[in-house]
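Student: Using the sequences and the accompanying hints, generate a full structural model.
Residue numbers (the numbering used here), protein chains in the order written: chain A, 1 to 110; chain B, 1 to 110; chain C, 1 to 141; chain D, 1 to 141.
Everything labelled a hint here was simulated from the structure, so no lab data went into it.
Every residue gets a Cβ at the ideal spot worked out from N, C-alpha and C, and that includes glycine.
Each statement offered as a hint is correct.
EDC-like, lysine to aspartate or glutamate: derived pairs with alpha carbons at most 20 Å apart:
hint, chain 1, residue 1, chain 2, residue 2
1, C, K60, A, E28
2, D, K60, B, E28
3, B, K86, D, E41
4, D, K117, B, E90
5, B, K67, D, D108
6, A, K17, A, E50
7, C, K11, D, D9
8, A, K86, C, D39
9, A, K67, C, E107
10, A, K17, D, E32
Now the stretches of chain D that chain B is said to cover, found in silico as 3 or more residues with beta-carbon under 8 Å:
hint, segment
11, 17 to 23
12, 47 to 61
13, 97 to 107
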Amino acid sequence: MNLNSEIITGNVVIHVKEERLDAHNSAELKLEFQKLFASGSQNLLVDLKEVRFIDSSGLGALVSGFKNATTSHGSLRLASLQPQVKSMFELTRLHRVFEIYQTVAEALEK
Amino acid sequence: MNLNSEIITGNVVIHVKEERLDAHNSAELKLEFQKLFASGSQNLLVDLKEVRFIDSSGLGALVSGFKNATTSHGSLRLASLQPQVKSMFELTRLHRVFEIYQTVAEALEK
Amino acid sequence: MEKRGIELDIKVPNQTRYLSLIGRIGEDIAREIDRYSGDRETLAYQINLVLTEAMSNAIKYGNPDNREETVHILINISDNELFIRIYDYGQGFDINEIPTPDFDALEDRGRGIFLIKALMDSVQYRKQADGNMLEMIKQLH
Amino acid sequence: MEKRGIELDIKVPNQTRYLSLIGRIGEDIAREIDRYSGDRETLAYQINLVLTEAMSNAIKYGNPDNREETVHILINISDNELFIRIYDYGQGFDINEIPTPDFDALEDRGRGIFLIKALMDSVQYRKQADGNMLEMIKQLH
Ligand SMILES: Nc1ncnc2c1ncn2[C@@H]1O[C@H](COP(=O)(O)OP(=O)(O)O)[C@@H](O)[C@H]1O
Ligand SMILES: Nc1ncnc2c1ncn2[C@@H]1O[C@H](COP(=O)(O)OP(=O)(O)O)[C@@H](O)[C@H]1O
Chain A
1 MNLNSEIITG NVVIHVKEER LDAHNSAELK LEFQKLFASG SQNLLVDLKE VRFIDSSGLG
61 ALVSGFKNAT TSHGSLRLAS LQPQVKSMFE LTRLHRVFEI YQTVAEALEK
Chain B
1 MNLNSEIITG NVVIHVKEER LDAHNSAELK LEFQKLFASG SQNLLVDLKE VRFIDSSGLG
61 ALVSGFKNAT TSHGSLRLAS LQPQVKSMFE LTRLHRVFEI YQTVAEALEK
Chain C
1 MEKRGIELDI KVPNQTRYLS LIGRIGEDIA REIDRYSGDR ETLAYQINLV LTEAMSNAIK
61 YGNPDNREET VHILINISDN ELFIRIYDYG QGFDINEIPT PDFDALEDRG RGIFLIKALM
121 DSVQYRKQAD GNMLEMIKQL H
Chain D
1 MEKRGIELDI KVPNQTRYLS LIGRIGEDIA REIDRYSGDR ETLAYQINLV LTEAMSNAIK
61 YGNPDNREET VHILINISDN ELFIRIYDYG QGFDINEIPT PDFDALEDRG RGIFLIKALM
121 DSVQYRKQAD GNMLEMIKQL H
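Tutor: Encoded structure:
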C-alpha cells in the first residue's frame with residue numbers, strides 16, 4: 001500500500017497513493033490506522049484524492065480507523081473524495097458518520 | 001472519426017481527435033485525405049497528439065494520404081507522435097517516408 | 001450465447017491481486033455498451049464494484065480447502081442485459097438471509113452483498129452440481 | 001489451463017467497433033503480468049496491437065458467408081508465456097508465404113502479419129476441424 005504521511009498543524013495527513021482501495025490493500029490501511037493511534041497520534045486526516053475506486057472492504061478499513069479514533073479520543077476525517085467514491089459513502093450512509101471535506105486545506109482550517 | 005481542421009499559413013492542419021487509429025476508423029481518415037486533395041488542398045499536416053494507438057490500417061491510411069499528396073504535388077506531414085505510435089513507424093520503416101515533427105508549431109515553421 | 005452479444009469466460013488465480021484486473025475488464029465492457037442511456041462512467045464503476053465484491057467473497061468464502069486455485073467468472077451481454085456469474089466451491093449461504101446493514105452500528109464489514117443488491121437489478125445465489133454460483137443481472141436501457 | 005494462470009475466453013460480434021475493447025483487455029492483462037521484466041507499457045501496446053491486427057483479419061477474411069457472427073479469442077498466461085489464439089472460419093492462408101513488406105513500395109496494406117511476427121516470439125496459423133486458428137506466443141521474462 002502506497003501512503004505518504006505528513007504532520008500539519010497537529011493533524012497526521014495520510015495521502016493514499018493508490019487508485020483502488022479494495023480487499024487487496026485495505027487490511028494494510030486498517031493496520032496503519034491502528035499503528036498510528038497506538039503510537040499516540042490523535043487526529044488523522046485521510047486524503048483520498050488519488051483513490052478512484054473503493055469497495056466495501058476499503059470502506060470497512062476507514063470505519064475501523066474511525067472506531068480506533070473514537071477509542072483514542074481522537075478523530076479520523078476524510079478529504080478530496082472523487083464523485084464515484086463519494087457515492088459509495090452515500091449508498092452505505094457512511095457520509096453521515098465521517099466528516100468529509102472538499103480538500104485537505106479546507107479540513108485543516110477547521 | 002473525430003477530426004478538427006484549421007488552415008494555418010497555407011497548411012491544412014488536421015487534429016485527429018481519436019485515441020485509436022485502427023481498422024474501425026482508418027477508412028474514414030483515408031477518405032478525408034482524398035476529399036481534401038480532390039478539393040484543392042495542397043499541404044496537409046496531421047496532428048497525432050491524441051492518438052495513443054495506431055495499427056497497420058491506421059498506418060495504411062496515412063500512407064494512402066501521402067500518395068494522394070504526391071499525386072497532387074502537395075505534401076502530407078505528421079506532428080506530435082506519442083512514443084509508442086512513433087515506434088510503429090520505425091518498425092515499418094515509415095519514419096523514412098514521412099516528415100515527422102515534434103509539434104505542430106515546429107512543422108509550421110518549416 | 002445471445003446473437004451479437006459479448007461473452008467473456010475468465011479464470012484467474014484466487015488471489016486478491018487480480019481484483020483490479022477483473023474490475024478493469026468490467027469497466028472496459030461497460031464503456032463499450034452502446035445501448036446504455038445512463039451515465040457510462042457510473043455504470044463502469046458499478047460493474048467494477050460488483051465484480052470486485054463478488055470475487056472477494058469467492059476468494060474469502062468460496063474455497064475452503066484450497067481445492068480450486070482459480071476463480072471462474074462469466075460476463076455476458078445480450079441486447080438488453082448484462083449477466084455476471086461467479087462460481088465458488090465453498091459451503092454456500094442463503095443470500096436472502098443477509099440483512100441490510102445496520103447503518104448506525106459501525107461495522108468493519110458486511111456491506112458487500114448490500115452493495116451488489118443495491119446496484120444490480122437481480123441477484124441470486126444458487127447451489128450447482130459442483131459448488132455455487134452468484135448470478136447478478138443488470139438491465140441496460 | 002496452467003496452474004495459477006490467467007485464462008480468458010472471449011466472444012464478441014465480428015465488428016470492428018469491438019477492436020478497442022479487445023485491445024484494452026489485452027492491455028489490462030499485460031499490465032498485470034508480474035513476471036515481466038521489460039517495459040510494461042510497451043508490452044501493453046504490443047498485446048493491444050497483435051490482438052487488434054489478428055481480430056481485424058478474422059473479421060476481414062475469416063467469415064466469408066457470414067456464417068459466424070462472433071470472433072472467438074483465447075488469451076492464456078501461464079508462468080512464462082502469453083498465448084493468444086484467434087479462430088476464424090474463412091478459407092485460411094499460409095502464413096509462411098506472407099512476405100516481409102517491401103519497405104520502399106508504399107502500400108496501404110500488408111503490414112499486419114509483419115507486425116505480429118515482429119512482436120511475438122512464435123506465430124502459427126493452422127487449419128482446425130472447423131475453421132482456422134492463429135496462435136501467437138510471447139515469452140515473458
Ligand atoms: N460466496 C460466499 N460463500 C459463502 N458465504 C458468503 C459468500 N458471499 C457472502 N457470504 C456470506 O455473506 C456475508 C455477507 O457478505 P458481504 O456483504 O460481502 O460482507 P463481508 O464479506 O464483508 O462479511 C458474509 O459474511 C458471508 O457470511
Ligand atoms: N485470417 C486470415 N484468413 C485468410 N487470409 C488471411 C488472414 N489473415 C491474413 N490473411 C492474408 O494475409 C495477407 C496479409 O495480411 P496483413 O499483413 O494483415 O495485411 P492486410 O490485411 O492489410 O492485407 C492478407 O492480405 C490476407 O491475404
